[in-house]
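Peer 1: These two chains come separately, so use the hints to put the complex back together.
If you want the building blocks of each chain, they are given just below.
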Amino acid sequence: MNILSAIQNIALNNEDSIAFQNGDATLSYGDLWKQSESLAAYLTTLNLPKKAPIIVYGHMAPMMVSSFLGVVKAGHPYIPVDVSIPKERIQKIIERSGAAFLIETENLERDSLQQSSIPYMSEGQLTNIVAEHSNGASTSTWVKENDDFYIIYTSGSTGNPKGVQISARNLESFVSWMHEDFPITEGKVFLNQAPFSFDLSVMDLYPALTTGATLFAITKEMIANPKILFGQLTQSKTNVWTSTPSFVQMCLMNPEFTSEMLPSLNTFLFCGEVLPTEVANKLLKLFPDARIFNTYGPTEATVAVSAIEVTEELLNDHSSLPIGYIKGDTQMLIINEDDQILSDGEKGEMIIVGPSVSKGYLGEETLTEKAFFEYKGQQAYRTGDVGYQKKGLHFYSGRVDFQVKVHGYRMEIEEIENNLLQCQYVDSCVVVPVYKNEAIDFLAAYIVPKEHSFEKEYQLSSAIKKELAKSLPAYMIPRKFNYCDQLPMTSNGKINRKQLIAEVMV
Amino acid sequence: MEKQKVYELLAEVCQEDVVVEQPDIDLFEEGLLDSFGIITFLVEVEEKFGISVSITEFTREEWNTPNRIAEQLAERV
Numbered sequence: 001m002n003i004l005s006a007i008q009n010i011a012l013n014n015e016d017s018i019a020f021q022n023g024d025a026t027l028s029y030g031d032l033w034k035q036s037e038s039l040a041a042y043l044t045t046l047n048l049p050k051k052a053p054i055i056v057y058g059h060m061a062p063m064m065v066s067s068f069l070g071v072v073k074a075g076h077p078y079i080p081v082d083v084s085i086p087k088e089r090i091q092k093i094i095e096r097s098g099a100a101f102l103i104e105t106e107n108l109e110r111d112s113l114q115q116s117s118i119p120y121m122s123e124g125q126l127t128n129i130v131a132e133h134s135n136g137a138s139t140s141t142w143v144k145e146n147d148d149f150y151i152i153y154t155s156g157s158t159g160n161p162k163g164v165q166i167s168a169r170n171l172e173s174f175v176s177w178m179h180e181d182f183p184i185t186e187g188k189v190f191l192n193q194a195p196f197s198f199d200l201s202v203m204d205l206y207p208a209l210t211t212g213a214t215l216f217a218i219t220k221e222m223i224a225n226p227k228i229l230f231g232q233l234t235q236s237k238t239n240v241w242t243s244t245p246s247f248v249q250m251c252l253m254n255p256e257f258t259s260e261m262l263p264s265l266n267t268f269l270f271c272g273e274v275l276p277t278e279v280a281n282k283l284l285k286l287f288p289d290a291r292i293f294n295t296y297g298p299t300e301a302t303v304a305v306s307a308i309e310v311t312e313e314l315l316n317d318h319s320s321l322p323i324g325y326i327k328g329d330t331q332m333l334i335i336n337e338d339d340q341i342l343s344d345g346e347k348g349e350m351i352i353v354g355p356s357v358s359k360g361y362l363g364e365e366t367l368t369e370k371a372f373f374e375y376k377g378q379q380a381y382r383t384g385d386v387g388y389q390k391k392g393l394h395f396y397s398g399r400v401d402f403q404v405k406v407h408g409y410r411m412e413i414e415e416i417e418n419n420l421l422q423c424q425y426v427d428s429c430v431v432v433p434v435y436k437n438e439a440i441d442f443l444a445a446y447i448v449p450k451e452h453s454f455e456k457e458y459q460l461s462s463a464i465k466k467e468l469a470k471s472l473p474a475y476m477i478p479r480k481f482n483y484c485d486q487l488p489m490t491s492n493g494k495i496n497r498k499q500l501i502a503e504v505m506v
Numbered sequence: 001m002e003k004q005k006v007y008e009l010l011a012e013v014c015q016e017d018v019v020v021e022q023p024d025i026d027l028f029e030e031g032l033l034d035s036f037g038i039i040t041f042l043v044e045v046e047e048k049f050g051i052s053v054s055i056t057e058f059t060r061e062e063w064n065t066p067n068r069i070a071e072q073l074a075e076r077v
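Same order as they appear, the protein sequences are chains A and B.
For the first sequence, the positions run 1 to 506 when UniProt numbering is used.
For the second sequence, the positions run 1 to 77 when UniProt numbering is used.
Source of the hints: derived by calculation from the structure; they are not laboratory data.
A virtual CB, placed ideally from N, CA and C, is assigned to each residue, including glycine.
This list has only true hints and no planted wrong ones.
Far from chain A by the CB rule (all over 12 angstroms, computed), these chain B residues:
{"id": "1", "residue": "Lys3"}
{"id": "2", "residue": "Lys5"}
{"id": "3", "residue": "Glu8"}
{"id": "4", "residue": "Glu71"}
{"id": "5", "residue": "Gln72"}
{"id": "6", "residue": "Val77"}
Covered stretches of chain B, going by a simulated chain A footprint (3 or more residues, C-beta under 8 angstroms):
{"id": "7", "segment": "13–20"}
{"id": "8", "segment": "28–35"}
{"id": "9", "segment": "38–51"}
{"id": "10", "segment": "58–68"}
Here chain B stands alone, though its shape is the one from the complex (with noise of 0.2 angstroms):
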């Protein structure tokens, strides 16, 4: 799975492009991710890529840039 879908998915759910160019930007300090931000991005990757991640899988210490999102992802396949 390419990052940038991954990135592409973000920038849409945020509706912020800056996420595309700065992977390692923290969604959750810059206010682009909330709690229900996260429960539509997390439906979105199970429908586009077939992941699906619990909910109780997303920590925002883990999951808090588009870069390791896509890492954590990328695990997941």
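Just chain A, with the same shape it has in the complex (with noise of 0.2 angstroms):
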């Protein structure tokens, strides 16, 4: 299946119907089409370096959309940058992914990027171009196969972001098996409620746009105001939700949340972090008629790997929840320290192999080389993941790594602790995941202060936060903070980690 010959066709026979909705602001599939063409035409006439990144900056307005497809056709990868990601991030984004191009969907305060020598397309030079409904390149000039298709940054050790490489072919193979084991039927509502930063906004939108689906933002404005977020969402006719746990919770604390809110919703469909069995058993009695499905997998893997409907019966025979059946096209093998393949029942590290596992981090040989390599021919990832499974049903159980989900969103430790070392106040620190019910509630930083003028500590902390909040996303930085004259320490000179973790667990 061609993603975009599937958008095209839809465009063709129904290019009336809607495609996209941010409030009032509507695209129909017509327009979506033409607009990218325009796009594309504009770009291929740019003569930039071929398959060159183009970054696509912006939260949900109808015209990432357009941007995203626009840059397809032309031949490059996109990478999708929030509004949300704090300006030190996105220059090290452009420094490190060598992208060619810059479209603003919205306003970016350039000033604020450091020796910003990309070329760039302002809001308005973009609603200009798109407007010109020029016919866009020729097929032949639109990514396929092996080529990225978007490239999607993420938390990284080092204390940088990592581009992750999705190729046509990842994403072919992840769409097809939305439409084979989703009851995913023609013409249907879509929630789209992740930033198109992260990959959870993959699951819905080109499952969407292929089966001529409506896309039904929710933005960032809408979840800090919940009375406009329920207006919406009693608007919005949903038939697909998808989103994280988290956001699910957050909308359970409205007792108004029911199917009466939403009569035609029929699917939920769940990814970012372990889906916990409580709000599996609101939904399923608030939503009788909604089948409820937990997936699984990394974004290094295209969105997901494995699902499971979550049903009574199944929630009666499990504390936990599965992650689910592997998808057809893809195995997963569960290996020991040595890489042995061990056996059922047995716990490891999983590893994913098939078509949707990307080709590796964008410019970074080192990460790649410990992360992927060849199985048998075909593409593997190690998730540092630990699971094991039982007669093909997959369990999760954990990190072998300081990868952590807080409320859904996938990060690092060491990057926190990184940026926060370049802090002017931090001398030292570490940062430990404090869990509440089995899930991180939020995250603690232990600091050596370097010296300074503040009378209270929340001062300090505030003044480290704001230093901090320049160089990561919000959802990364910690929520509490405590100061000491030194680090707890092992025997053999390691900070002890686990000492800190214990000290918050009570």
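Peer 2: This is the structure in structure tokens:
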């Protein structure tokens, strides 16, 4: 299945149906196709280096989606960058990706980017260009097969974000699976809650666009203002709900969040973190006609590779939910420390082998070699996740390293620590997760401060948080700050994380 | 309901004692409370005080300081 051809088909046959809706702003399939054609035509006149990535900056304007398609039609992969990403981090992404061009669907305060030598197109220019209705590049320039379709930046333990390259073939493998194994039929309404810089958004974006569905955007303004959020949800006529478990947990706080508010909702898709059984239980009761799916997968294997339908029976049988069965074209190996394949029931690192596994991190050979390899002629990825399987049903049991998920956001503890160390008042530090009901509630930082003139600790914390916010997105900033004269050490001179975790558990 | 009890609960959620010492501090401007913190707080309010506040009633304009949050809750007892 070719993603662009499938969307083209819908644009030709149902040009007036709505592809994307954000509040009152809508985008029809006809316009989506025409706008992306015009943008692709313009981009090809720029003579950018072949296959060089193009950054698309913004939040959830309809033009984001037109830009993604325009970029891939012109033969380039796109890098989605959400407005919530701080400028210093955007600067790092520009430098490390070697991006050739930047498209703004919203105004980016360019003054705050240092050496912003990257050629760009402002929101106004973009609006003019897509209105020209010029014919796009021929289908021969479209991104295809092993070419990168998109590159998504995720937290890296070195202190810098790393770009996961997803090819057209990777994406096709994922979207085909969504069509085949989930109750997704034509012309539905899909909810899009995750910003496009998270690959959870891909779980609704392409399955929706290839079935003529409407994507209904949930913006950060709506999430910050629950009154508006629920007003929008009520009007949305959503059929397919895709979100993190944390987001639906927030919605469950509202007693009106039931099948009466969303009578057409028939499918819940969850990914990004462990789905708590109590959340699943509540949803089954409040939405008796909806089917709930728990899915699992890292960005490196294109959104998700395993799924299971959550039923009352499944909940009765398991105290924590399985991550499901692996999709048909993919294999999951469980290996021990000596790279030996383990048998049923034995715990080990989960390795994903198959056509949706990325070729690696953009421009990061060492990191790529560490995590990716070839297994019997197919691309394989070491997830760093620990799990086991019983007769093909897979279970997740933790991490081999310091990667954590906080409210569905994936991050490397070391990246936070590395950025904390750059702050002017921090001498040394360690960050530990604080758990509540088996999920991470928040992150706590232990800091040995440098000299400062603040009277109170909260003032120091506030100053450090503000400095940190320049380089890290808000969800990566620890909530609790503790100060000490020195960090506890183990006998071999390493920071004693276990002792700190034990302390915060009390 | 004592204001102090509300402040102490907020301090637990925000992981910061300053909310007890300075009840007029802006929780959102100072980065002390985010969307997930709000939920945690409202769940605790229901469990500890038996006051049920719908998340749609909670606006950042009216619930931005410990003092104002305590006043809002007092109206709902």
